[in-house]
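> Sequence:
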Amino acid sequence: MDKLREGYTTGTCMAGAALASAIWQMTGKCPERVQVDIPAGKTLILPVIKYSDYACGIKKDAGDDPDVTDGCIVKVITRIYSYDGEIIFRSGEGVGTVTKKGLKIPPGEPAINPVPREMTRNTLRKHIGNKAAEVYVSVPGGREIADKTFNPRLGITGGISILGTTGIVRPMSEEAVKESLVQELSMCRAEYGSKAAFVTGYSGENALKKIKPDMKSIVLCSNYLGFLLDEALKLEFTDILIAGGTGKLVKPAADIMYLHSHFAGAQREIICTHAALHGLSSEVIRKIYGCVTTREMCRILKENDVFQDVMMSVVRAALENCVLRTQGKINIAYMLIDENNEPMVSSENLEDMLMKWS
Numbered sequence: 000m001d002k003l004r005e006g007y008t009t010g011t012c013m014a015g016a017a018l019a020s021a022i023w024q025m026t027g028k029c030p031e032r033v034q035v036d037i038p039a040g041k042t043l044i045l046p047v048i049k050y051s052d053y054a055c056g057i058k059k060d061a062g063d064d065p066d067v068t069d070g071c072i073v074k075v076i077t078r079i080y081s082y083d084g085e086i087i088f089r090s091g092e093g094v095g096t097v098t099k100k101g102l103k104i105p106p107g108e109p110a111i112n113p114v115p116r117e118m119t120r121n122t123l124r125k126h127i128g129n130k131a132a133e134v135y136v137s138v139p140g141g142r143e144i145a146d147k148t149f150n151p152r153l154g155i156t157g158g159i160s161i162l163g164t165t166g167i168v169r170p171m172s173e174e175a176v177k178e179s180l181v182q183e184l185s186m187c188r189a190e191y192g193s194k195a196a197f198v199t200g201y202s203g204e205n206a207l208k209k210i211k212p213d214m215k216s217i218v219l220c221s222n223y224l225g226f227l228l229d230e231a232l233k234l235e236f237t238d239i240l241i242a243g244g245t246g247k248l249v250k251p252a253a254d255i256m257y258l259h260s261h262f263a264g265a266q267r268e269i270i271c272t273h274a275a276l277h278g279l280s281s282e283v284i285r286k287i288y289g290c291v292t293t294r295e296m297c298r299i300l301k302e303n304d305v306f307q308d309v310m311m312s313v314v315r316a317a318l319e320n321c322v323l324r325t326q327g328k329i330n331i332a333y334m335l336i337d338e339n340n341e342p343m344v345s346s347e348n349l350e351d352m353l354m355k356w357s
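First residue of the sequence shown? That's 0 in numbering that gives the first Met the number 0, and the numbers climb one at a time after it.
It should be emphasised that the hints constitute simulated quantities derived from the structure, not laboratory data.
Fair warning: there could be bad hints in the mix.
Keeping only pairs whose Cα atoms sit at most 27 Å apart, straight-line, the calculated DSS-like set for lysine-lysine is [as the list claims (entries may be wrong)]:
1) Lys328 / Lys103
2) Lys233 / Lys103
3) Lys215 / Lys328
4) Lys208 / Lys147
5) Lys194 / Lys103
6) Lys328 / Lys177
7) Lys211 / Lys328
8) Lys147 / Lys58
9) Lys58 / Lys177
10) Lys100 / Lys208
11) Lys99 / Lys194
12) Lys301 / Lys209
13) Lys328 / Lys194
14) Lys100 / Lys177
15) Lys301 / Lys233
Using the sequences plus the hints, can you model the full thing?
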C-alpha cells in the first residue's frame, strides 16, 4: 500500500502568502514561490498566486487527508511600516471572528490560532526585521466552508479558522479533531461553567434539547469519550452528562473508552454478560449473541421482560468506569437513547443532574 501524502495547513498558507506579499513590496516583484520553515522541522516551497495591490495567495493542499479546507486559497496583504513595532493580524472575507471565551484566542480577535501567528511572525521577521506590520488575511468562500466545520459550535462566526500546530497535515490524523474538541470543551468551561453534556452524535444532542431546550454546554464527543473525560478532569469540570445510542455507549461498561467500531465492538459480549448475570437462559443468551445490532439485542431483552434490568446493569457498569476514569472527581450521569431520540435507560442520578441546568 502506498504511503499517504502529507499536505500543509492553512497556517502554513498564511505564512507563505504573507511573506510573498512582503517580498513583492520590498523588491517590486512578486515571487513565484516562497520558502517557509514550519514547526515540524521542515522547509516547504510553496507556489504563489499573484493578485493586485500586493495581495498574494497560497492554495491549501491537504495531501490525502479528507479536509474540508482542501483547495481553498489563503489570501494575504502584508502592510509594512517604516517604524519598528508589532506584527498585527486582521481578518478579511472568509476568516472567522472569535465571539466566545475559552478558546486560544480572546473574543473579538480574528480566528487565527497562536502557532500560525507565531510562524508568520518568524517568517516575516527574517525579511522585514523589527518593522511594524499588519497582516490582512482572507479566504474566499471561507464562510461557506466554515459551515462544514466545528466553528459554529465554537462561537467562531463569519468564516474558517486559520489552524495548524505543526504546519503539515497528516492524512487521517486525529490530532485536528482532538484539538477542535479541546477547544470546544474549553469554550464551554469559560462560557457556561463547570457542567457539560457529552453526546456521541447529533441524536444525543437532539434528545437532550427535547428535555432541556436551553441546555447550551453540549459537546459532540464522537468516538473520543475517554479523551474528553481526561480533558474535563484537567479543566476541573464538576458535572458531566453522557448521552447517546446503545451502539457506542454500552462499550464503556467493558472500559472501552474509544468508541470507534474499528477499535472495538464488544456490544454483544457486554449485553450477554449482563443478561447472564440476571439469570437469562443459555438459549436466550445464544439468540442475543447471534444478533448483529444492539437494536435486535434490545428487542430480545424486551421479549423476555428483562430489558430494563439488563440495560440498567450495563449503564451502572459504564457509569462506574467513567467515574473511575475521572478519579471520582466528577459527578457523572448516563443516558441511553433509542432510535427516536427518546430516553431509553438512564442512571439513577439523571434527574438530579438535569436539575443543575435549571
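> For every hint, state whether the structure bears it out.
A quick look at each hint next to the structure:
Taking the CA atoms of Lys328 and Lys103, the gap is near 26 Å; set against the 27 Å cutoff, the hint holds. Between Lys233 and Lys103, the direct Cα distance comes to roughly 16 Å. Compliance with the 27 Å bound is thereby established for this hinted pair. With a C-alpha separation of about 22 Å, the suggested pairing of Lys215 with Lys328 holds against the 27 Å cut-off. Between the alpha carbons of Lys208 and Lys147 the distance comes to roughly 22 Å, so the proposed pair stays at or under 27 Å and holds.
Between Lys194 and Lys103 the alpha-carbon distance is near 20 Å, which keeps this suggested pair within the 27 Å criterion. Simply put, Lys328 and Lys177 have alpha-carbon atoms about 22 Å apart, close enough for the 27 Å limit, and the pair holds. A hinted pair counts as satisfied when its Cα atoms are at most 27 Å apart, and Lys211 with Lys328 qualifies at roughly 25 Å. Distance check on the hinted pair: Lys147 and Lys58 sit about 19 Å apart at the alpha-carbon level, within 27 Å; holds.
For the hint linking Lys58 to Lys177, the alpha-carbon distance of about 25 Å falls within 27 Å, and the restraint holds. The straight-line distance between the Cα atoms of Lys100 and Lys208 is roughly 23 Å, inside the 27 Å bound, and the hint therefore holds. For the hint pairing Lys99 with Lys194, the CA-to-CA distance comes to about 17 Å; that is within 27 Å, so the pair holds. Straight-line distance between C-alpha atoms of Lys301 and Lys209 comes to about 25 Å, which keeps the hinted pair within the 27 Å bound.
Pair hint Lys328 plus Lys194 holds up; C-alpha atoms about 13 Å apart against a cutoff of 27 Å. A C-alpha spacing of about 19 Å is found between Lys100 and Lys177, which places the hinted pair at or below 27 Å, so the restraint holds. Between Lys301 and Lys233, the direct Cα distance comes to roughly 40 Å. Violation of the 27 Å bound is thereby established for this hinted pair.
When held up to the earlier numbered hints, the structure conflicts with hint 15 and nothing else.
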